[in-house]
Structures are given as structure tokens and as C-alpha cells.
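Enquirer: Sequence:
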Amino acid sequence: MKDFHTPITRPTSQIIQPPHTPLETWFHKQGWKPLPFQTQAWEAYHAGKSGVVSVATGSGKTYSIFLAAALKASSKVTAPGLKILYITPLRALSRDIERALKRPIEELGWPLTVMSRTGDTGASQRQKQKTRLPEILITTPESLSILLSYPNAEIAFAGLQCTIIDEWHELLSSKRGVQTELCLSALRMLAPNMQTWGLSATIGNLSEAAQTLVGSGNPYTIIQSEESRKIHVHTLLPESTDSFPWAGHLGLVMLPELLKTLEIKTSTLLFTNTRNQAERWYQELSAALPKFFHKMALHHGSIDREERERIETGVKLGVIKWVVCTSSLDLGVDFAPVERVVQIGSAKGFARLMQRAGRSGHQPGKTSEILFVPTNALEILEVGAYRHALQEREIESRVPLKKPYDCLIQHLVTLACGDGFDESAVLNAIRKTHAYESLTDEEFRWCLEFITTGGRSLQKYTEYKKVVFDMGRWRIATPRLARLHRMSIGTILSTPSMTVKFQRGKPLGTVEESFIAKLKEGDAFFFAGKMLELVTVKDLNAIVKLASKNSSIAPSWAGGRLPISPSLSAFLRKELASPTGSLTEAERTALKPIFDAQRRYSQIPNEREVLMELCSSKEGRHLFVFPFEGRFVHEGIAALWSFRFAEVLKGTFNFAFNDYGFEILGPHDYPFQELFSAHFLATERLGEEIERSLNMAELANRQFRGIAQVAGLVFNGYPGEKRAQRQLQASSQLLFRVFNDYDSESLLLKQARQEVLEQQLEKSRLEACLERMKNSRLIFQETERPSPLAFPLMIERLGTMRGSLSNETSLEIVERLKREFSAGKRG
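Each number in the working numbering corresponds to the 1-based position in the sequence shown with 245 added.
To be clear, the hints were calculated from the coordinates, so they are not data collected in a lab.
Incorrect hints may have been included.
[Said to hold, decoys possible] Each computed BS3-like pair below joins lysine-lysine, with the alpha-carbon atoms no more than 30 Å apart:
{"no.": "1", "residue 1": "Lys505", "residue 2": "Lys593"}
{"no.": "2", "residue 1": "Lys475", "residue 2": "Lys510"}
{"no.": "3", "residue 1": "Lys373", "residue 2": "Lys347"}
{"no.": "4", "residue 1": "Lys790", "residue 2": "Lys746"}
Could you put the whole structure together from the sequences, leaning on the hints where they help?
Expert: Listed below in C-alpha cells is the structure:
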């Protein structure tokens, strides 16, 4: 346990017995022994401290701080009302958490009531909670904001003793984390003595995470377990490996091998990175093992909530044995019956792999086992990087966001809807958050003016004058505006969707509106584990029936392609240079054809080198570069270098990128190597050049849509009557143009550009990559044809062009090119 403030001590004469003795007694009745970190948490809470408990998934975090807080709340005679607030990032977890929290309270006979308040809570119960909250309330950041937006919030939260944020690492680097920070700042104004604790998995920047949680300048304590969870990573290898790998070429080809490895009686979670991938793997698994169909299930965020809950219950009871899932099962739910975890494709980072591995052996002291199924032969190399990182206990950091103005605007309107706010007191509280500690007077005044007058651009429109000064406080202008604001509270933005329903009305889940728009009546598609036929589209519902024909069509959702993490990138470069360290003999044998071919056609760089391959084809001149820094960084460098090449010698360029490198395709005989200079690695005017190399106006316009929704500039629609995508898009585009024309210094425009640079293109990571390349040996290698490392990039580019290229399928194109290269032909 690490203290970052002066320890609280008590005279020896006052200590009769440890204050947590009732907790130890209850543990012993369960046949358990408190772990050292749990005891430390109880002592720290009793001493009045705040901070973070950071231990591996499944180690018993829930019964650390909570039991100490509940003991204090039960023993201290106070007025009835809210004493403990338990915030979870997923409302689907609230029922499991409620059951876990009620158990010790009921068995110990404490006079405490536990209830949930999320978007799934019934209207009648929410209405009752407006007048009186229970002693312990489980909620989400969004629902907490709504509670703060009601009048008399000052009374409702005045007796709050403790706020616990579960899975803090998941919230930390998102706008939901900022929303949580702002809510905590408001709670500290209402309950100055409130203790704040976060429960977190292991992350690299734990001190920063703790400081962000408790507020800037406030003392914090970090409690960690001395025992680290043991994780064994195994690889399912193909019978043979292709010398020319390409993304996804293994994928479902590995299904027969996987079926040989798994047993239906062994409870297993099969994780994929995207919902589309989950749909396809479930379809193939259920087709391969039809007699076990009733023991398999599909679980992702777009499937109807009741169906997800049925699946989770089935897993706990042992009725459902295999679940193909996404990150929807990453967090929180106690799946002690799960014996095995399978990761299909790269997990993209150490933290995600550890989180998923922790779903198996989900008990203190257990070893977690995970089976890795590569979808690309090069992903086998990542297994070595994972093992290397586990040996060195390396884990990624989660970087908190800084000054998202849309979140601040939403929060100010939220407070105005409730009891109103005092300008100086709120500004002081907001500046104590990590996100807004550098907020200037001018920036705060801009936000305040924006919600009171509409700002420079919208002052003629009364609907944007939401807040007025009344009786010494800033308050919402009308009850109608308060109702509309409560319906829009939150920072989770989803692409406009449609509900998929059977003709008799049972909902299956949601898919993106654009997917349904591509179908016509009678078309079949696979969704929620069922083969469906589109009957008709009515309002925002896609009416379906079970299909009598098969189809390979499945919905795809935006935002599924994440880049590999910076830490994984670094270990991957080490593993590429010396692939014997953390790989098994079988894994090295599987990679041997690729490495042998790479050496034959080109060479393999070490971690202090960057390989840059050049070759010519009938398409033009190719430049392949391999920084191994993730797809977003590679997209930015490819665009930046294309711009810099064009400045020196005009040309038309196409580019492609993946997690390992990027390709720039230029005109025939374009002299890439001759034109390359130190200028291509310069970072002095990086932001400006990136903006010039890309259509920044269009990228910022797209980013602005989400900002406009969070800031309350566009209304999503009443429940059940969501506005169509084109309406929201048109509204945000119009506002974007208005701001550009009449308020070019708008903080929301500034935020849109900043989010494009930092989140979409990872500008900070891109800059670090260029700096690393400055200190590396750049190897220009002329090749007769694309090397094994370059081949996936060429296929990536051809895949985006295949609609106009020919009537060949992507697989036919790949097989033809492989034959040509193997025969020694050039493009």
C-alpha cells in the first residue's frame, strides 16, 4: 500500500480491536481468508483515506472497499438517506453487483437498503428515488448525472459518505471518465467529507489514474496485491503457414483445428474484437456442431438486453457452455464457472488480453489460461510479445482526456437543471478535476456564455439560451429545456440504428441504419445467432422472420478496428528482431516460412532499424515502410509523407496501412529514395502539415457531429422516435458551417480539430514514432516483388478498390497474386 499523504495515526489507548473484525468474522463463516490487499483496504478506509485498489481481474476487489464503507455506514447513527454510491461503467452489470453487495449486508443484518438506478430501472422505481434514495445506490455515470439534474440534489447527496467507481481503468481515458470526474466534483461540493475509491485492473499509469479519481492536489492511497495473476498463453497453430500472409487469411480456416482443441463440456468464452466477427464465428460454430446448438450462444452489445441476461444466467448455471462474445463480457460479471478463454485474432494490447484471460480462473489464486487463435500468420509473432511483456510485467497506460469542452457544457446545463449553481464555486470545483485543472477564465466564460446566450454564432436563436441568472444562481431557463436535456445526458455516441424485430414483435437487437438500407425485402442475413429474412421496414424497425435460405451476409458496425497499443508495438519490434526468446519451438516453426521468404526477398529489421522497401509493378512505384506503430499512426505518416513527396515532386499517390506498416503507391519510376531527406522525419510543424495533407475540414466536420450531440446542440429525439441519421448529420453540418463562418475561434471547433489529431490520427504517438525513426537506421531495400511483410499492405489497398477493379473476389485476387509471385513474375 502506497500513501501519498500524511498517514492518520491514533493513540494506542484508543485501539481495542481492529475496526474490521466483523468483516473478518463474516469472511471466516464463508470459508474464506481475507487477502492482504483487502485488509489494507479496510484499514485505509477506516483511516479516512481515498484512492485506488488495483488488482487483477477476479481477485476480490468488490469486497475490499465496499465492505469497509458498508460497515461504517451501518454503525454510524445518522439520518436515513444515501450513504454509499457505487458507479459501474456498464448498466448490465448492476444486477450482478446488487446481488454481490446484498449478500454480506443481509447475512450481517445491517440496516442498509441496496438498489440500482440505471437506464434499465423501471419508471415507478425511478420516481420513488426522486423523493428518497436508498442507503446504497448502484448507478452509471449517465444516471448519476441525471440525479444531479433534479431539484433538491443538495439534500439527496448531503449525507454521502463514500463513492466507489468500479472498473475505473475502463472509464479513465474516455469522455465517460471526464463525465465521472465532473460528477465527483459536484458531489464533493455537496458532501465535502466524501471518500472516493476506484477499483481498477492493473494499468501502467496508476498514480495518474488515482490522482484523476480523487481530484488534482488531493492526497490518495494506492493499494495493490503483491501476488500477480498467473496467465498462460497458448497458440493454436495452422498445419502449414503461407509465405505470403495477408490479414484474415487464416480466420475461419482455423475452425476445424479449434474444434479439435475444445470440448463442449468445458465452459468457454470465445472473444472476438468486433461484433461482425462474433456473428460469423458463431454462425460457423453452430453449423459445425448442430447437435450442441442449445449449449452455444452469441453475446455482444447490439443483442437485446433480455437475451444477453439470459445468456449470462445460462453460463453461471452451467447450461450454456460456449459463448462467442466481444468486449461485452470483458468486465465485471462473475463467471467463476468459465474454465477456458479463447482469443480470436490479436487482442491489440496487453491490458485487453489480461482482462479477457482473467475471465477464466475468476477466483483469487487461480491461474488464467487463454488460447490464442491467429487470423494472420504474423499474429503468431505477437504471442511472443505478449509473453515477453508478461514476464516484465509491462502494461499499457490509460491517458485521461484534457478539456473536452462539450462535456463541460453538458455538465453546466445539468447543474443548472437541478438546484442551479454558483459561478465561482463551480469553477473552483471544476478546476480541481484532472481534466480541467488548466481551464482558463476565458474558456470558462466562453462556455458559460455559450449556454446562456448561444455564443457569438447562435445568439439570435432562443432555443440555445438554456441557462438564466435567477436569485443569485445560474438556472435552467424552462422546465421543457430541463426535460430535453435529461433525455440527452451522456457521452456515449452510437451510429443511428434500427431495432430488428420479429413479425410478432419480439426484439432481437439493433443494427446500424446503413446496413438495413442496403437490403431489400426478401434478403436474408445472419444476426443475433439466427438466419433472418427482411420482411419490411416500418418506422425505425426492421421487421424480420426466420429465413428458409442461407446467407453469408452479417451486419458490420463502425469503430471495430483498433490499433495495436504502443507497448505491444515496442515488444513486437523486439520480437521481430529476435523471435526465439518467448516463442515455442512449434511457433517458431510456423513462422519459419515467412521469415525465410522475408530474408530471401528483402531483410528483417532489428528494433533499432526501420525497413523501407521499394519495388515497381504495372500499377506504379511502391514504397513500403514498416515502423510497427499501429494503423492510426501509419495512416497519418502515409498521408504526411505523400504530402511531403508531392511538395518536392508532384505526383498522384494512393496509400494503404495496417498495424505493421504502410504503403505509398506513386507514379511509375517515382524516385522515392532520391527525394527522401531528414525533412520527412521533421516534427516542428507536424500538426499544420497533417491538416494540410488530409481533408481536415471534412474530418473535423465528422468529429463535430458527436461533439454537437454531447454539447446539446442537436437533439437525438424523444424515446422511440429517434431522429434519422441524415437529420442529425444535416443539423450538425449546418452548425459546423455556421461556426466556421461566424465564430472561427469557437472552442467546439478547436476541440473537433484536436480530437481528429489526437484520437483519430494519434498525433502524439505519430510524433514519437518520427522521433524514434530519426534515431534509427533507415534501410532502403529494392525488391523484385512485394515481400511477405509488404504483401498484406498491397492486399489491403486492393481490397478497398476491388469494386471497380474486376469481378474477382478478394480471395481470387490474393491467390492469383501469390501464384504470380511464387512463379517469379512481376506485378
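Enquirer: If a hint holds in the structure, say so; if it does not, say that too.
Expert: Hints versus structure:
1. Lys505 / Lys593: Holds. Lys505 to Lys593 sits at ~26 Å (cutoff 30 Å).
2. Lys475 / Lys510: 24 Å, holds
3. Lys373 / Lys347: 20 Å, holds
4. Lys790 / Lys746: Holds, at roughly 8 Å.
The structure fails none of the hints (numbered hints given earlier).
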